[in-house]
Amino acid sequence: MVPQPEKTRINVLVVDDDPVTRQILSDLLTGRDCRVATATNGEDAIQLALVYRPDLIFLDVIMPHLDGFQTLERLRKMEKTRAIPVIIITSRTDSATLMQALRMGANDFITKPFLRGDLIRKMNFVLLNRQQQNKFTEAALAPDPLAAPPGKSYERMRESFILHFENIYLTLLRLISERNQKELERVIARLLDTVQFYQFMGVEEEIAQLLRAVSEREWDRAVDYLENAYHLFRDFRTTIPRVLQ
Numbered sequence: 184m185v186p187q188p189e190k191t192r193i194n195v196l197v198v199d200d201d202p203v204t205r206q207i208l209s210d211l212l213t214g215r216d217c218r219v220a221t222a223t224n225g226e227d228a229i230q231l232a233l234v235y236r237p238d239l240i241f242l243d244v245i246m247p248h249l250d251g252f253q254t255l256e257r258l259r260k261m262e263k264t265r266a267i268p269v270i271i272i273t274s275r276t277d278s279a280t281l282m283q284a285l286r287m288g289a290n291d292f293i294t295k296p297f298l299r300g301d302l303i304r305k306m307n308f309v310l311l312n313r314q315q316q317n318k319f320t321e322a323a324l325a326p327d328p329l330a331a332p333p334g335k336s337y338e339r340m341r342e343s344f345i346l347h348f349e350n351i352y353l354t355l356l357r358l359i360s361e362r363n364q365k366e367l368e369r370v371i372a373r374l375l376d377t378v379q380f381y382q383f384m385g386v387e388e389e390i391a392q393l394l395r396a397v398s399e400r401e402w403d404r405a406v407d408y409l410e411n412a413y414h415l416f417r418d419f420r421t422t423i424p425r426v427l428q
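Residues 184 to 428, numbered by my numbering, are exactly what the sequence shown covers, in order.
Wrong hints could be hidden among the right ones.
When the alpha-carbon atoms are kept at most 35 Å apart in a straight line, the in silico DSBU-like pairs for lysine-lysine are as follows [as the list claims (entries may be wrong)]: (1) Lys365 / Lys295; (2) Lys318 / Lys260; (3) Lys295 / Lys318.
FRET-style restraints, in silico, Cβ to Cβ [said to hold, decoys possible]: (4) Asp301 / Glu387: 40 to 50 Å; (5) Asn307 / Asp210: 16 to 26 Å; (6) Thr280 / Arg215: 44 to 54 Å; (7) Trp402 / Asp227: 29 to 39 Å; (8) Gly385 / Leu249: 38 to 48 Å.
Because the hints were derived from the structure by calculation, they are not lab data. The beta carbon of each residue, even a glycine, is placed where N, CA and C say it ideally should be.
From just these sequences and the hints, can you work out the full model?
Okay, structure coming up:
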């Protein structure tokens, strides 16, 4: 489970030209004891961010006039807004889109349609500092076989790993974009052990190929194998009861 950030009531800015998406996010966030402001376009979002000084921004990628990437670029160039965590809203989860977002300064992504559990996990994760995020990733990659013998507790740990895999996916995408070969090899080796521990069918080969591609500095191939693994984990999510997500 992602640790809860120390601050309990936060200011959130939701930026999306779709009124339905804005309303859904606003309702979910208000239910989490957040103060919510909304904007329908990038220009208004920038002005609101300067005045409202949100703790977190949800930013849609596809908007008219000033799209999400252009808005993000401007936010990162201004001293008052450059450090605000940004979660991009997208219907696309391909690695090229996400790596572009990461390079431009996005902290995470969330896909449509939203699940309440995903929203909470994303918020809690991005509001941690980088050191805390790294600790969480390390903890997720260190299952204890003695603490979770096969049975109900093992299944709960396995389901939790599936639900939190997007954090690991994002970490690996970031490391690939940085060409951080040494850290990639370390994290992927841990991931391979974890995949074997939880017996995720079909994933082990993709992760092994990912490790091989990184070792050979074949970055495009590495991205392809990582994306394949991500989609397999998306499929695994369909086996988890919706009430647990």
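Now the hints, each set against the structure:
1. Under the criterion of a C-alpha separation no larger than 35 Å, the hint pairing lysine 365 with lysine 295 is consistent with the structure, at around 34 Å.
2. Straight-line distance between C-alpha atoms of lysine 318 and lysine 260 comes to about 29 Å, which keeps the hinted pair within the 35 Å bound.
3. With a C-alpha separation of about 28 Å, the suggested pairing of lysine 295 with lysine 318 holds against the 35 Å cut-off.
4. The given range of 40 to 50 Å is broken by aspartate 301 and glutamate 387, whose C-beta atoms sit roughly 25 Å from each other.
5. For the hinted restraint 16 to 26 Å between asparagine 307 and aspartate 210, the CB-CB distance of approximately 19 Å keeps it satisfied.
6. Look at threonine 280 against arginine 215: about 27 Å separates their beta carbons, and that is not inside 44 to 54 Å.
7. The hinted window of 29 to 39 Å between tryptophan 402 and aspartate 227 holds, with their beta carbons roughly 37 Å apart.
8. About 41 Å separates the C-beta atoms of glycine 385 and leucine 249, a value consistent with the hinted range of 38 to 48 Å.
In summary, the numbered hints that this structure violates are 4, 6.
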